[in-house]
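**Student:** Chain by chain, the residues:
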Amino acid sequence: MTTQNEANIPLWRDERFWKIAVQLIVLAIVVAIGSLLVHNVSVNMQRSGVVFGFRFLDSQASFAIGESIIPYNPAVDSYRQVMLAGLVNTLRVIVVGIILTTIVGILAGVASFSENWLLRKGSQVYVEVIRNTPLLLQLYFWYRAVFTKLPRPADRLEFLNSFYLSNRGVFLPWPTVSWNLAIWAGVVVAIAIGAFFLWRWRIYLMVEQGQSGLNQLYILWGLGIIALLIIIFPFNWQVPQEVSPGNIQGGLRLTIEYSALVTGLVVYTGAYISEIVRAGIQSVAKGQWEAARALGIHSGLTMRLVVFPQALRVMIPPLNSQYMNLAKNSSLAIAIGYADIYSVANTTYNQTGRPVEVMIIIMITYLIINLLISVVMNQFNRIAQLRER
Amino acid sequence: MTSLSSPPGDLAPPPEMRDTPLNWIKNNLFTPWYNGLITVVIALILGYFFYTFLTWSFTEAKWDVIPRNIQLFNVGRYPRSQYWRLWVLLGLICTLSGLSWGAIARNVAKLYSRNILIGIGCAVVVCLLFPVPLPNRLLLVGMTGLVVGFSWVGQQAGRKNPKFGIWVSSTWLLLFFIALWLIGGGLFLRPVSSNEWQGLMLTVLTAVVSIVICFPLGVLLALGRRSPLPIFKGLSIAYIELVRGVPLITLLFMGQVMIPLFLPDGMRPDRVIRAIVGLTLFSAAYLAENVRGGLQAVPRGQAEAASALGLSTPLVVILIVLPQALKAVIPAIVGQFISLFQDTTLLAIVGLVELLGISNSVLANPQFLGRFSEVYLYNGLLFWVFCYAMSASSRWVEKKVNTEH
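From first to last, the protein sequence lines are chains A and B.
With the UniProt record's numbering, the residue at position 154 of the first sequence is 154, and numbering never jumps.
With the UniProt record's numbering, the residue at position 234 of the second sequence is 234, and numbering never jumps.
It is possible that some hints are incorrect.
To be verified - Which chain B residues face chain A? A few, computed with CB under 10 Å, are given here:
| # | residue |
| --- | --- |
| 1 | 230 |
| 2 | 260 |
| 3 | 362 |
| 4 | 363 |
| 5 | 365 |
| 6 | 366 |
| 7 | 385 |
| 8 | 390 |
Quick caveat, the hints were computed from the structure, so don't treat them as lab data.
Backbone N, C-alpha and C define an ideal beta-carbon position, used for all residues, glycine too.
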């Protein structure tokens, strides 16, 4: 019966047929539009006498950029080298920005739960003001109304005689870069890893065997003091010094473009992260607080051991997208003249007249950066997720 | 014994806490000792900040840069003789907003509650203080009057005719085209080229046009991503993830530089249109993700019940699934619209003269050199008011359409 019935359905009333047909039609339209666009591009490029290819990357760039960590000399180096310098500048903003914005966001988010009325309202006002004004406007404000208006180096703002703020840049103490530094830094990292495992072992002993864990605690304190001593002494900190009036040397100099960009991005993204932290903490059921209190755990420990790990599960996916937003928003550097990858690529396009190739490079760069952030955050997510039996 | 057997109702109520200002300060600012410390530190910082800001704004700041360029900030170099068209447009928008307000609030017993009256009062004061010539200030007050008056009309009409809401929404669509006609000219009006659409007007125009176009596009992409048909799903995912992976500025750059390359020789769309294309393509991908969240929140039984009743797939989606899905994500969608509104500032980088662009060209005028703080604070205030109004009204609408018990 059924086979006969199915055979009787005309093709144009068969849903399965239409499902496949509509998909094929849409695919055909997309392919047709795509190939038409590609055809137009190739015709337009032929008319202007440009051949598609990335050979232009090897020719001399001959434009100067504001700052670069890797060596770049406009008189000899190629477009490849200047793009690489721009990429390093972008990564410098993204890495520092993500670390600082996480700190700012968590502080502001926790402050919105404070018992102190002033702190609570302050955090709310911060979030409302920042989230309701455009980032580009904030960047312009930071750069043109704050950082370029800083006093001249002669009348600089000082903090503890080692941090200087002036319109020539921001000066910070910085360790002397040498092989010794690398070795000592390695020692500190090794101590940190060792301390982490000792910490886990201590918790295991306390939870599973009911030991006090005091001995391990003393060792942890000892390791901490050793690490602190290493960081203070063998790191050879250089403090910026005024060599002659208005001329500061030593330490680390951050340009005002870099400082304005990082400040703007950190303040802007921090407001969003603060909301994520707030929502995450609120999502933890009230019973968890009450149960922890009933067990006699004091409130700081409740936050650290009970509430925060659960809030983290809710927080990580939106945090991931905020970090990606920060990475993408770093391209606004072009507005304040910081030589990031986008601004360098834009100059390259203006000089070479190759929009398609430059566009492909930029898009692939940002896609890879975002992919990397996603991979790292997904790893964190896997660690933080609930392990169910 | 008696104390045990006495019912709890006999107990005296707890003594009422007297919340005197002094008590309040003690409880909220100084309760554990460290809170007092925090309060003092923050109060000192805030006090220093406000003191510097106030002395700056009353002594050093030269605010005359705002009133002297107010026409530029608002409409840029739009021909002066054609200003009346923008006033007509503003009047139409106010009328329709009033009608929609009334229509949405048709079941509210008291339309003008105390809070709303305070809000209207503030709006009138702001209109009177807005730094434009006096007749224009009165016109602005008149616009507020239009909103308030027509909200009453809208409420009455909404109560009498249940279809009134649909009429209002279709009029909004009509107004969209009337607005383009009034701004751009043609058909009995003097044409104004899009190079002269500038300032706040261009900001609002690009934002509204992009919102109107990106909304259906985003819904389609979200449906495509949730679709069981593999080709739709693949294409939607590819588009959404590709666009979400790159910065907006690259899409705007593509709009300005690549669109002419993509089109046959001689076809060169207007600069404003190219900017709107970039903005729309960008927001559609983000909006699609928001709508997808709403689609996931609709229980599967809804769609199954609808198909069991014999509705075809398109009808199930349009009548059953989408209304519930969209209602669930109103805050997220409005949040997306707000960020789209803020993102229009990026047009300044690709050379369009919207609010931030015109501010930068005012600042480049040697007469107003170095007035960065004044101009950017004014811009920030305008954006803040617009965005705050959008999020506040979305919260209000959400409460009104919420049918859950």
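**Student:** Are residue 363 (chain B) and chain A close enough, Cβ to Cβ, to be under 10 Å, as the hint says?
**Tutor:** holds (8 Å)
**Student:** Residue 385 (chain B) was flagged as interface toward chain A. Is the shortest Cβ-Cβ separation under 10 Å?
**Tutor:** Residue 385 (chain B) check passes; min Cβ-Cβ to chain A is 9 Å, inside 10 Å.
**Student:** Tell me if residue 366 (chain B) is really an interface residue toward chain A, meaning its C-beta lies closer than 10 Å to one of theirs.
**Tutor:** violated (16 Å)
**Student:** Is the interface hint for residue 390 (chain B) satisfied, with its Cβ closer than 10 Å to some Cβ of chain A?
**Tutor:** holds (9 Å)
**Student:** Report holds or violated for the interface hint on residue 365 (chain B), using the least CB-CB distance to chain A and a cut-off of 10 Å.
**Tutor:** Violated, because the Cβ-Cβ distance from residue 365 (chain B) to chain A comes to roughly 15 Å (cut-off 10 Å).
**Student:** At a threshold of 10 Å, is the proposed contact between residue 230 (chain B) and chain A supported by beta-carbon distances?
**Tutor:** holds (7 Å)
**Student:** Is the hint on residue 260 (chain B) kept, meaning its closest Cβ partner in chain A is under 10 Å away?
**Tutor:** Holds - the Cβ of residue 260 (chain B) comes within 10 Å of chain A, reaching about 8 Å at its closest.
**Student:** Does residue 362 (chain B) pass the interface check with chain A, least Cβ-Cβ distance below 10 Å?
**Tutor:** Violated. Min distance 13 Å.
Going down the numbered hints, you'll see the structure goes against 3, 5, 6, while the others check out.
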